[in-house]
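Visitor: Quick mapping for you: the protein sequence lines, in order, are chains A and B. Going by the working numbering, the first sequence opens with residue 1, and the numbers climb by one from there. Going by the working numbering, the second sequence opens with residue 1001, and the numbers climb by one from there.
Check the hints yourself; a few may be wrong.
Said to hold, decoys possible - Here are some chain B residues the structure puts well away from chain A; computed CB gaps all over 12 angstroms:
id : residue
1  : 1004
2  : 1005
3  : 1007
4  : 1009
5  : 1021
6  : 1032
7  : 1042
8  : 1044
9  : 1045
10 : 1047
11 : 1049
12 : 1093
13 : 1137
14 : 1147
15 : 1177
Unchecked claim - Here are a few chain B residues that face chain A, going by a calculated C-beta distance under 8 angstroms:
id : residue
16 : 1011
17 : 1012
18 : 1039
19 : 1041
20 : 1046
21 : 1061
22 : 1064
23 : 1095
24 : 1108
25 : 1111
26 : 1116
27 : 1141
28 : 1155
29 : 1161
30 : 1163
Please keep in mind that the hints were generated in silico from the structure rather than gathered at the bench. Here a beta-carbon is modelled for each residue, glycine too, at the ideal position from N, C-alpha and C.
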Amino acid sequence: MLNIFLIFLYIGSIAFGGGWAVVGIIKDLMINQNYMSINEFKEILAVAQLTPGPIAVNMATYIGYKYYGLAGAILNTFFLVLPPILIILAYNILRNKINIKKDSLINSLKLGTAVLIFLTLYSLGSQFIINFDVRAIIIIFVTFILLVKTKIDPIFFIIGTGFLAILVL
Amino acid sequence: MRNLSLRNKELMAIFFLFFKISVLTIGGGYAMVPSVERALLKKDLIEEEEFYDVLAITQSLPGSVIFNLSLLIGKKLKGFWGAMFASLGVMIPPFFAIIIIASLIQSYSDSIYIQKFLEGCYIATVGLTSLVFYKVIKNLNVNKINIFLFLLGVIILVFNRNLTFFIFVFLVVLNYLYEGGRIKC
């Protein structure tokens, strides 16, 4: 039980730039440590997006609930959000003692975030390239273009593609 | 005594402000930021400039943008308890939504239609992740060192994900030092 909470404490401490940076890490850790199959992961990822709230927090709640019930849901969520709380507390204590160049730090964190999000993309998407799944690649590409070019809420794409998949897959 | 009840009222107001936004915004963190801004400005709780200062701080914290924003704004408005009430307001709606859906879906998840639906959602998610990646890259100040560190990190981590935390810290520190950042104590 402690293991899964520690995993989410770790995930919470590296999630710079928001939840998408760690979705790939959640997938790899959960599947490699045999907590779930790829299909269960897809279920959790979809539910986390179709409910209000931040993606990583929702996934933590769902995974905690799935394995250890209500207490698991509360504790898992708590461990995920603990790192920023600790950092804010530490910052308040150390504020006058340390001197950090803020712009450089934020730029550097953005670089780190870019690496993490690329890895999320790789972790989620590389299977479609490796299997040369043309239909999936086309859908991914079209979704991406429409998301860049229009202001349609991503949730409509998620639901729409879900129904499309029932028809064509 | 009267002061205490006034304080409680203010805390509840902060709680419900974030609760309402959290219920009404599906689609996660970034979709909520404009809603929070509008609600706070409308009630004159914070100046626009202050809001953007706080938003900038969330960029240097790990975790959900909206959760960190609620913590910092709650703290700014009403100290420790403000932070607690604001963040609980953000967290409670998705928490119960997840619990309800998680207990419902388990009885249907063997259905072939649900399986296909989830596969479709997953494919769209890859498209959405591409968008997130595109936006992050667009906001990066690109230079030679940046590109080199990015490629270095990606290549190492594609082969060995266990090093994620170590490589992340390594890249951030190197880039920070390169940009002339110092750590003075």
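Visitor: Does each hint fit the structure? Answer for all of them.
Guide: Tested hints:
no.	hint	result
1	1004	holds (25 angstroms)
2	1005	holds (28 angstroms)
3	1007	holds (21 angstroms)
4	1009	holds (25 angstroms)
5	1021	violated (9 angstroms)
6	1032	violated (8 angstroms)
7	1042	holds (21 angstroms)
8	1044	holds (25 angstroms)
9	1045	holds (19 angstroms)
10	1047	holds (20 angstroms)
11	1049	holds (16 angstroms)
12	1093	violated (6 angstroms)
13	1137	violated (6 angstroms)
14	1147	violated (10 angstroms)
15	1177	violated (9 angstroms)
16	1011	violated (18 angstroms)
17	1012	violated (20 angstroms)
18	1039	violated (15 angstroms)
19	1041	violated (22 angstroms)
20	1046	violated (17 angstroms)
21	1061	holds (4 angstroms)
22	1064	holds (4 angstroms)
23	1095	holds (6 angstroms)
24	1108	violated (10 angstroms)
25	1111	violated (10 angstroms)
26	1116	holds (5 angstroms)
27	1141	holds (6 angstroms)
28	1155	violated (10 angstroms)
29	1161	holds (5 angstroms)
30	1163	violated (11 angstroms)
Checked against the numbered hints given earlier, the structure breaks hints 5, 6, 12, 13, 14, 15, 16, 17, 18, 19, 20, 24, 25, 28 and 30 and satisfies all the rest.
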